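Chains as they are written, first to last, in my numbering: chain X, 1 to 297; chain Y, 298 to 611.
Keep in mind that the hints were calculated from the coordinates and are not lab data.
Computed from a predicted model, the values in this text were never measured in an experiment.
Heads up, a few of these hints could be off.
Now the in silico label distances, taken between C-beta atoms and shown as ranges [what the hints assert, rightly or not]:
1. Y:L447 with X:T29: 42 to 52 Å
2. X:G123 with Y:W513: 45 to 55 Å
3. X:W69 with Y:N469: 19 to 29 Å
4. X:R26 with Y:D375: 50 to 60 Å
5. Y:L456 with X:I278: 32 to 42 Å
6. Y:P522 with X:P55: 51 to 61 Å
The beta-carbon is built from N, C-alpha and C at its ideal position, and this holds for glycine as well.
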Amino acid sequence: MADTATSTARAGDEGGMNYLERLPRRVVTVYLPLAIFVFVLLFPFYWMAITAFKPNEELTDYKNYSPFWVVRPTLDHIRYLLLDTSYPGWLLNTVIISVAATFLSLLASVFAAYAIERLRFKGSRSVGLAIFLAYLVPPSILFIPLAVMVFKLGLYDTRFALILTYPTFLIPFCTWLLMGYFRSIPYELEECALIDGATRWQILTRIVLPLAVPGLISAGIFAFTLSWNEFIYALTFIQSSENKTVPVGVLTELVRSDVYEWGALMAGALLGSLPVVILYSFFVEHYVSSMTGAVKE
Amino acid sequence: MADTTAIGSTRQSVPLLQRIENSRMALGLIFLLPAATLLLLFLTYPLGLGVWLGFTDERTGRPGIFIGLENYEYLWNDSVFWLSVFNTLLYTTVASLLKFGLGLWLALLLNEKLPFKAFFRAIVLLPWVVPTVLSAIAFWWIYDAQFSILSYVLQKFGLITGPINFLGDPTNARASVIAANVWRGIPFVAITLLAGLQTISPSLYEAATLDGATSWQRFRFVTFPLLTPIIAIVMTFSVLFTFTDFQLIYVLTRGGPVNATHLMATLSFQRGISGGNLGEGAAIAVAMIPFLLAAILFSYFGLQRRRWQQGGSD
Chain X
1 MADTATSTAR AGDEGGMNYL ERLPRRVVTV YLPLAIFVFV LLFPFYWMAI TAFKPNEELT
61 DYKNYSPFWV VRPTLDHIRY LLLDTSYPGW LLNTVIISVA ATFLSLLASV FAAYAIERLR
121 FKGSRSVGLA IFLAYLVPPS ILFIPLAVMV FKLGLYDTRF ALILTYPTFL IPFCTWLLMG
181 YFRSIPYELE ECALIDGATR WQILTRIVLP LAVPGLISAG IFAFTLSWNE FIYALTFIQS
241 SENKTVPVGV LTELVRSDVY EWGALMAGAL LGSLPVVILY SFFVEHYVSS MTGAVKE
Chain Y
298 MADTTAIGST RQSVPLLQRI ENSRMALGLI FLLPAATLLL LFLTYPLGLG VWLGFTDERT
358 GRPGIFIGLE NYEYLWNDSV FWLSVFNTLL YTTVASLLKF GLGLWLALLL NEKLPFKAFF
418 RAIVLLPWVV PTVLSAIAFW WIYDAQFSIL SYVLQKFGLI TGPINFLGDP TNARASVIAA
478 NVWRGIPFVA ITLLAGLQTI SPSLYEAATL DGATSWQRFR FVTFPLLTPI IAIVMTFSVL
538 FTFTDFQLIY VLTRGGPVNA THLMATLSFQ RGISGGNLGE GAAIAVAMIP FLLAAILFSY
598 FGLQRRRWQQ GGSD
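All chains, full assembly: derive it from the sequences and hints.
Printed below as a string of structure tokens:
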């Protein structure tokens, strides 16, 4: 929301000094470097996609076929992936785990953010700071003790192990994001409701949450993407093939001995990336504004 | 909704439920309960457990006993551990500097008046959205020893004679993993800095231009000072995530060749989970904490001074 406000404010100023720049100069200083950036940033995806559709004989034969194009596209790799491996199961696991972890984190975060930002109880500032610090604790230093705990709790090799541990990095992020959104809702609305006899619960569900829907969407897609991308916990806590998530499954099950089936690997990477990319393309604006908003706080 | 008679009556007769509702302290604690339970149980407790495990000889399937500083003494004399510390510092420093430089450049480019600006902004963020492991697998294929597309192109142009051994040679492997990390990190730095750039009023640039400032001076004395707070935050996050990186190395090299790309996180995984020495793995993870604290404190105090400077100069 703030983004659109600044951009409309800027619209009046736009073009102010641009007449000072000539076109050839702009090509060298702006368009050319930008084109190189975009090319480098996108090339691995192109390479991933083109490899996924290449038949095996074209894959490594750079003499007779140009590596940059595919002459006879094939769906063999994708068919192999979907029919002869546990890939569909990994996709399903990843969806279930991501949705459950996101839902759990959002629920906890909404209450926490409302309490810290609006109830203003004694010590709420320090709780807010503690939650921010929790976000700075990286999974790489937690996975060993968590593995010990998961094993003792009997959750080893189950989806619950991941559903319960993902909130450790999702809750701090979502709470921080939602605190910013709640802060932007005027106090007066709540005061009016309190005078009219509304309970805190009614205020939260009927006034604050409907106004914070953009924030909820942002936090939700962010949490979903982060869970979808998570790797180290899934690698450590899951053993059996049928419980694996997509990133872990592709890496540990599709790579066999020394013969790399690059076609199948790339198809697995492509299919595993598509859901988050599609989700992202629907909510780009939410995504960008929440990412920048969370950092700006 | 509550019966209106309660308002007129004395305090003692107010039902417990309503008393809780009117006390912000009690209500606050109840609202915080779900988040606090999850975080205390799965974040704070494991953090403490990790420190404790570092002092024990716990192995998978066998509870450990307290052995004091033995794990740390062993690591102190372990050349592989020190190599991983060196690698981590090198990886973090080089990758963060490159991410910052290139990210800032990209942000400045995207801040220009461009056609399809929103489209570019969306496209540029893609490497950051896609799961790291999956894009790392694409890099693995790009870095293939025999069929690397990079080697192919360089050979076409006649720049090299044979294929480059990207991941098999220590120096090449280090450069390759850093390049992949920078590729993934640029979008985050660029988009957040772009948000910072968009808050800078164009009239400041116009004023500077009227005063005869060159484009470099406009950047150095207008853009950069106004951007420092956000740079500090972005780079703190970037440094933290690079320092604790695990996925990229695990996919591309698993720490090889001859431990040349082992980071502390991957070494901790190798010793703790693959090797079963949970105590030693936890000790390596704990050894990362001082570095992380130093990075956080550095940026925190750096940020504080900047804020004061800006407030004071007005």
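Original post:
If you check each hint against the structure, which ones fail?
Top reply: Hint 1 is the one this structure does not satisfy, whereas the remaining hints hold.
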